[in-house]
Amino acid sequence: MRRSAKTRLTGSQRIDPSARISPRAILGSDVVVGPFTIIGDNVSIGENTVIQDHCSIGASGSARPLTIGRNSTIRSHSVIYCGSTFGDGLETGHHVVIRENSRVGLNMRIGNFSDLEGDCVIGDFCRLHGYAHVGKGSRIGDFAWIYSLVTLTNDPLPPSSVLDPVTVGDGCVICVGATLLPGTVLGRGAFVSAGSIAHGHVPDGAVIHGPDGCAVNHVSSLMHPAKGLRHPWMRHYTGKYPQSAKRRLERLQKDILASRNAPDTQI
Amino acid sequence: MRRSAKTRLTGSQRIDPSARISPRAILGSDVVVGPFTIIGDNVSIGENTVIQDHCSIGASGSARPLTIGRNSTIRSHSVIYCGSTFGDGLETGHHVVIRENSRVGLNMRIGNFSDLEGDCVIGDFCRLHGYAHVGKGSRIGDFAWIYSLVTLTNDPLPPSSVLDPVTVGDGCVICVGATLLPGTVLGRGAFVSAGSIAHGHVPDGAVIHGPDGCAVNHVSSLMHPAKGLRHPWMRHYTGKYPQSAKRRLERLQKDILASRNAPDTQI
Amino acid sequence: MRRSAKTRLTGSQRIDPSARISPRAILGSDVVVGPFTIIGDNVSIGENTVIQDHCSIGASGSARPLTIGRNSTIRSHSVIYCGSTFGDGLETGHHVVIRENSRVGLNMRIGNFSDLEGDCVIGDFCRLHGYAHVGKGSRIGDFAWIYSLVTLTNDPLPPSSVLDPVTVGDGCVICVGATLLPGTVLGRGAFVSAGSIAHGHVPDGAVIHGPDGCAVNHVSSLMHPAKGLRHPWMRHYTGKYPQSAKRRLERLQKDILASRNAPDTQI
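Chains as they are written, first to last, in my numbering: chain A, 181 to 447; chain B, 181 to 447; chain C, 181 to 447.
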């Protein structure tokens, strides 16, 4: 571990002696870095963030700066390239790969073995589970949910050099094993059911089902009375978000409910 | 590497000097620990077990004890949380993640990149291939087979805080890319074919096929005469199990065969 | 880091001091080895190759030699077993696992979290994306494309000890989430669409679609006029291959086009 005046090293930080931290990295107060972790040049890590063991942070890619916000947790064996910006409260699983030049909002959570391929723009409070593959150039709004084994593709006729990435609206839910074909645009609050293949323009609040990606319903019809659950999901699931997000969730719920009556969602 | 009286360090152990082992960990005789591996407090590792390089064992999660049985192999880059118990003969692939508070029987094998999400109860001699995702709270019997990219879900209407995990009976076979929807209960010896989506209560010995998870057959009708294979699989595949498991496999085979005539499997 | 006369250590190499390199390994000139990487006995690495951090190279498996060609890049957290041979220009993603005894041609690229299970024969210029699982004993020709979450299986009636691996012809394209069932033989230039399950003998240039793996078309009918793309893919995508590959690609394109008129592809 090498250090220089540029690295703010305070008594409140806990840096494992085996960690390899560039003297040019900036670490906020109370940052914790685990054993065998590498932190490269041009990395800035906000206060109170924990980087666990065996990670490579800002050690690959361009010389552009990497900024990780405050109060974040990067779990072990994760790889984050240079050139991206993450808001406060980032939380990664283990063995995550995040490539260069993405702009990510507040409190993204991205699960074990997920792969964010670079040049993405992602809003606040997004949740990605494991083995989620977000293709290069994807656009994801706020409050989106992307479950395990979901793939956001971008090549319209593989293999080609044409990039036709997908767009995921605020509050969308993409269930386990679903695929978004290149150029898919999911409207706000759309719901893609498990194993479905979505494509084209999907109206706000539409439920997509099956290998042909048909819109079969509006999310407000999704419910599980025995368990007390009803969509849009903001009705039954807001407890895990901070107070500051509540108003935004209420507004989003109202908008998605209103989309029931929009002409392009008369399914 | 720090050591104390509490760690039984005998001449028969081979601990790489770069490994970071808590002085509170208990290592049995002949244990091998590879380079750059971390072993946390409250970890107990049975004799003759090999922990390869770049692992994090008991370094995350609660302060509850982690017990790994004898004659086990943990392959490189694996992460095992605190609070679980594994019987003898555990074998993991590379880059495996196993979260807290699971109870696992004898000789589980879990393949590369698989993810066991915690609070699970798993019987003896289970085999999981790669990229298998076992959701929190899953129950798996003895002798189950779970192939690559299989997901055991638990959220009945995602996202919610309701946990409705799945149950997999003894001797079940879940083929590549299959999904078990929340609350699925697979009867003993059920077979879920590649890419299928199973749900609800599946009778003993039923074959599930397709995106709607229909029961199409009884496993005793599955055969491959040219290759000399016939289900239940214990007919053609027992050579890899220890002698002590043979009687249990014979009994299980007999039970599954008998389920052909059960009223709820007249398909 | 231990060294002996056998390791060619020149001033042009850059070996991180924390790397653990066997004194029996042979490293070419200008090789770079990152922090916390392990290189075992009997490993030979060609000149100008970069092995990033946290890798295990030739540290598992048999005592058979592992040969990695020149100008290769092995990204972080990768695991490569003993006993395989890779041509020049190998490029791996992060967290890749490659097991023993495979023979791989020139310039293979294999993406993050992919798993090559051993005893495979793979031609030149193959491209595998992330989470690709290549079962033991698979045969893959030249210029094949295998996208994310594709599985090449090999067990005809799981679980069994019978090995019935797949064969992938030159120039094939296997799209995201597709599965090749055991014994599948894909003719040259075949195209398997996203999420399909292929089986049996697939004619040259056939397009496979859907869960039953039906041949629905010839690849020459696949086009995306708005984007200027038309199959066979060598028409619109050759820029990323070296000049030396161009003649081979032209010949392959011609052969695949000619297969339109072959009697077994009159679909």
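Any given hint might turn out to be false.
It does not matter which identical chain is meant; a pair holds if it fits inside one copy or across any two.
Straight-line alpha carbon distances no greater than 30 Å define the calculated DSS-like cross-link-like pairs of lysine-lysine that follow [claimed, not checked]:
id, residue 1, residue 2
1, K407, K316
2, K316, K420
3, K434, K407
If you're looking for bench data, these hints aren't it; they were derived computationally from the structure. Model, not experiment: these values are computed from the prediction.
Verification of the supplied hints:
Taking the shortest Cα distances, K407 and K316 sit within 30 Å of each other only across copies (18 Å), while inside one copy they are farther apart (38 Å). For a Cα distance limit of 30 Å, the shortest separation of K316 from K420 qualifies both inside one copy, at 29 Å, and across copies, at 18 Å. In the homo-oligomer, the alpha carbons of K434 and K407 lie at most 30 Å apart inside one protomer (22 Å), although the nearest pairing across protomers, at 38 Å, exceeds that limit.
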